[in-house]
Amino acid sequence: MNWWQRLWRRKQMDQQLEKELLYHLEQHASELISLGHSPAEAWRQARLALGGPEQVRENCRDARGTRWLHDFAQDIHFALRMLGKNPGFAVVALLTLALGVGATTVMFTVVNGVLLKPLPFPQSDKLVAVHGHTQTWNAAIYGQQNVAYLDFLDCQRDARTLDIAGALFNGATLSEPAQPEYVDLREISSNLFSVLRVNLPQGRAFLPEEDRSGAAPVMILGYSFWQRHFAGSPEALGTSVVLDQKRYTVVGIAPANFSLFGAEADVYTPLGQDGANYLQNRGTHPTTVVARLRPGVALSSAQAELALIGNHLAQTYKDTNAGRTFLVAPLRPEVGDVPSTLWLLLGAVSLVLLIACANVASLLLARAVSRQRELSMRAALGASRGRLVRQCLTESAVLGLSGGALGVLLAYAGIAPFVAFWPGDLPRAQEVHLDGRVMLFAVFISLLSGFLFGLAPALRAPARGLEQALRAGSRTTTGTARRLHSVFVISEIALALVLLVAAAVLGRTLLRVSSLDPGLNLRNVLISRMALSPAVLADTGKIRSAWQDVIERVRRVPGVQAVAVVDTVPMREGNNQIGYWPSAGVPAANQQPTALATSVTPDYLNVMGIVLRQGRFFSDRDHIGSQPVIVVDDVLAQSAFPGQVPIGKLLWMPQMGYGPFMVVGVVGHVRHWGLAADDQAQVRAQFYYPFSQLPETYLRRWSELMSVAVRTNVEPRSLFQSLRQEVRGEANDQVLYNPHTMEQLAQGSLARQRFLVLLFSIFAGLALLLSCVGIYGVLAYLINQRVPEIGVRMALGASPANVIWLVLRQSLGMIVAGVVLGICAGLGAEHLMRHLVDGMQPTGPSPYLITVSLLIATALSASFVPARRASRVDPMAVLRQD
Amino acid sequence: MAAKSDLPQGTLDLLILKVIALGPVHGYAIAQRLQQVSRDVVQVPQGSLYPALHRLENRGLLTADWKQTDTGREAKFYRLTRKGRAQLETEAVSWERLTEAVGLILKMSEGGVQ
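Sequence order for the protein chains is A and B. Heads up, the first sequence is in our numbering, so the first residue is 1 and it goes up one at a time. Heads up, the second sequence is in our numbering, so the first residue is 1 and it goes up one at a time.
Rather than coming from a laboratory, the hints here were simulated on the basis of the structure. Just so you know, even glycine gets a beta-carbon here, dropped at the ideal spot from N, CA and C. Misleading hints may appear alongside valid ones.
[What the hints assert, rightly or not] Derived list of chain A stretches under chain B, where covered just means 3 residues or more per stretch with a C-beta under 8 Å from a C-beta of chain B:
(1) 16-22
(2) 95-108
[Said to hold, decoys possible] Straight-line Cα separation of at most 16 Å, EDC-like style, residue types lysine to aspartate or glutamate; simulated pairs:
(3) A:K85 to A:D71
(4) A:K246 to A:D163
(5) A:K126 to A:D163
(6) A:K19 to B:E96
(7) B:K18 to B:E96
(8) A:K19 to B:D65
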């Protein structure tokens, strides 16, 4: 019989023991009777010989070795009964804990899903990314380099340590089966799904023979796209889809939520079928390369092999590949700048949880002190100190776990709203849900907090001075208890102040950055991406006139004041960073200062309302063949030509492919990186160049990136449909898509800050509330303990005002100590946040003044209620008690 | 009644095992047999007999069944397990070595070891 059975069959075993002992007594008694004793005397002697029946039974039960389990069950039972007997306490403690654990669990779930979980592919630790690398490349600014398509093919063919797959980010205009639409296209090598070990839920992946030019056009649909256009019907397989005038047959559907780097793609086509010229050029590096280490291969040997291949390529193709090699790095999910925000929020909720623990601890301690007599009584009846400590800890563990269970329920309900509420798209949002690790975390923090707040009361379990404790009235508090209470109140106040200060500093930052001048007139501007007709894009000679046509058509729409075409738009994703130099002796690329380049048509300045400071903006006279011109902003003028007149000066920019450029005008700086982030951005300088001077070779690529910017004199969004109609083109295959107003973009650039302010305000409010409850509870309890003392004081002539002051002085001491600690911690927190939050600047004392006075006022009013109650103590009634 | 010795620590288990080794037996009979065999020299507190039996059962040295006695009553009969038998042998051997050693020491002459 194992101990489980012994435990569950406890009743049966007790019955058997009873029977066994009874048999023994009967036998003994009957023997004594046969020796001539009277039955009563015989039974008496038999019982005497066996010893105290209860003690024998207890000893037998002890011998079974399941004692601690019985005790444990008993403790839990007792703990639940204590909670039930004190519903007010139970409700407050459980709610406090549920809030703390719930909030922390929500944040941990997000951190776990976004930052901790590996990529959702089998054996994802074997997946690597392959980057291009040159000595002169500045990865800190530009990010990692991709790989030229031909280089990728060579690596794929030659590598023995890796299975290599490639993908190309692209876009295309879809014209069948739906209305013309611009779709997100990934061109992929045929082995991408097998390298990732992803199975398609419907259809098949591309075949190797389909991954070369001239093969039959085939397509895999993204899951969401499939749902959207084919309502998830399996009949989509085998139908045809027209993309950029090419008819593709659908052969497969990608799994739901399948995404590698960023958003889920709409459609996939074989990379090898793309005949674009730039793919045949080893000098351009568009291919994203992922690979899987073959069994038993270490990352370092893969790196060594690819370096060798890179070396070989560098020798074979000197003009494009000299100094170029490959880097192999573990493949990581792309999460952008989200981690800092997530860690910040996890830190903040942990503070809330700590406050909740301190709160429950002080409540429990108060109860432990009033239960002193009960505990002493148990000790006097023979309970060991360890047993009492265990009982106290069991009680707090029960409390912690029930609070934690409630908290997990809260978290379960709260995760989806939190993710939805996240500003913009939370990366890897589909990975965010409760799982084993989160549950483990929740159980762990529940138990930990139970242990934290249960420890202090448990250690108060009586060890010595039993008699004294039993004799003392219930209303005396020892010095240690009072000190411990003060510690809890002080730490609660300090923690609450940290959160308050953080919220105030964030709020101030938000106020400051929203009042900043964006450098342009945000009102009544509509920006939409535009895809020209695929037929036009295929013929470079038609592109310029097509854009001219778009501009003229848009200008004719009623409500449009000015229209321009532009590649990168302020405060939206996307930028083009170009190195510049003020003389012909341009140094290596990683030594050049960089600026943001924007290609525009002449009316751009009017559309955006950017200030012209000197010189002129572009006109129709700037075209291919005329002097290449640019217009710079204040920042670039300052850094390139400090103290000089920039008009007429020249700048050299090798990456542009032509030049040198003459500066013809200076305009105001525009906060390209968003209202908050621009001040701290690495590259702030800007210049504009006329789209009309863009070389023919870039024309097609640029045309895939352009947006139409419109200034209106009506509500801008109301024009979108008529604009869309107007630019559809003769073949009905030109698409205006993705409309935003400049106001939306500016608001969006502050979304993260606004989100943080809101959450921190909630946390701080919660912390303030919790610490007020804590202060109130502790003071009410302490005063209750001091009623006899107060009674005596009043009998001796103290006025109610004296008594109120007596109480307030006690709480003021704790508050001041907490505030001092809180200010120190708040300064630290502010310092930390300056690294994590865009647009934070030293704020000076005002947030502290505001929050400290708020905190002191709230804390004092929380202490005033018990103080007043104390002042109403009837001295006679008190003195008669006890 | 002659003065009775208390059992040395840990010998109760050995005695119980030995008595049970003679054949399945119930608790009362164990107490009786211990008393008879030791000719009333050894005082076996009946109160500690049952906890000891349960402890030995718990350690897997004994196993027990409910069986009819001669008088037709149901009683709990204890038997040695294989483990219990092994335990009895090792304990008996070490007991003999111990008593032998104690005996030798007690027989020492005043002058020291000869």
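Against the structure, the hints:
1. 16-22: holds (count 5)
2. 95-108: That given contact is violated, which follows from only 0 residues of the stretch 95-108 of chain A lying within Cβ reach (below 8 Å) of chain B.
3. A:K85 to A:D71: Not OK: K85 of chain A and D71 of chain A at ~20 Å, beyond 16 Å, violated.
4. A:K246 to A:D163: 30 Å, violated
5. A:K126 to A:D163: 11 Å, holds
6. A:K19 to B:E96: With Cα atoms ~37 Å apart, K19 of chain A and E96 of chain B exceed 16 Å; violated.
7. B:K18 to B:E96: Holds, at about 14 Å.
8. A:K19 to B:D65: 13 Å, holds
In this structure, the hints that do not hold are numbers 2, 3, 4, 6, in rising order.
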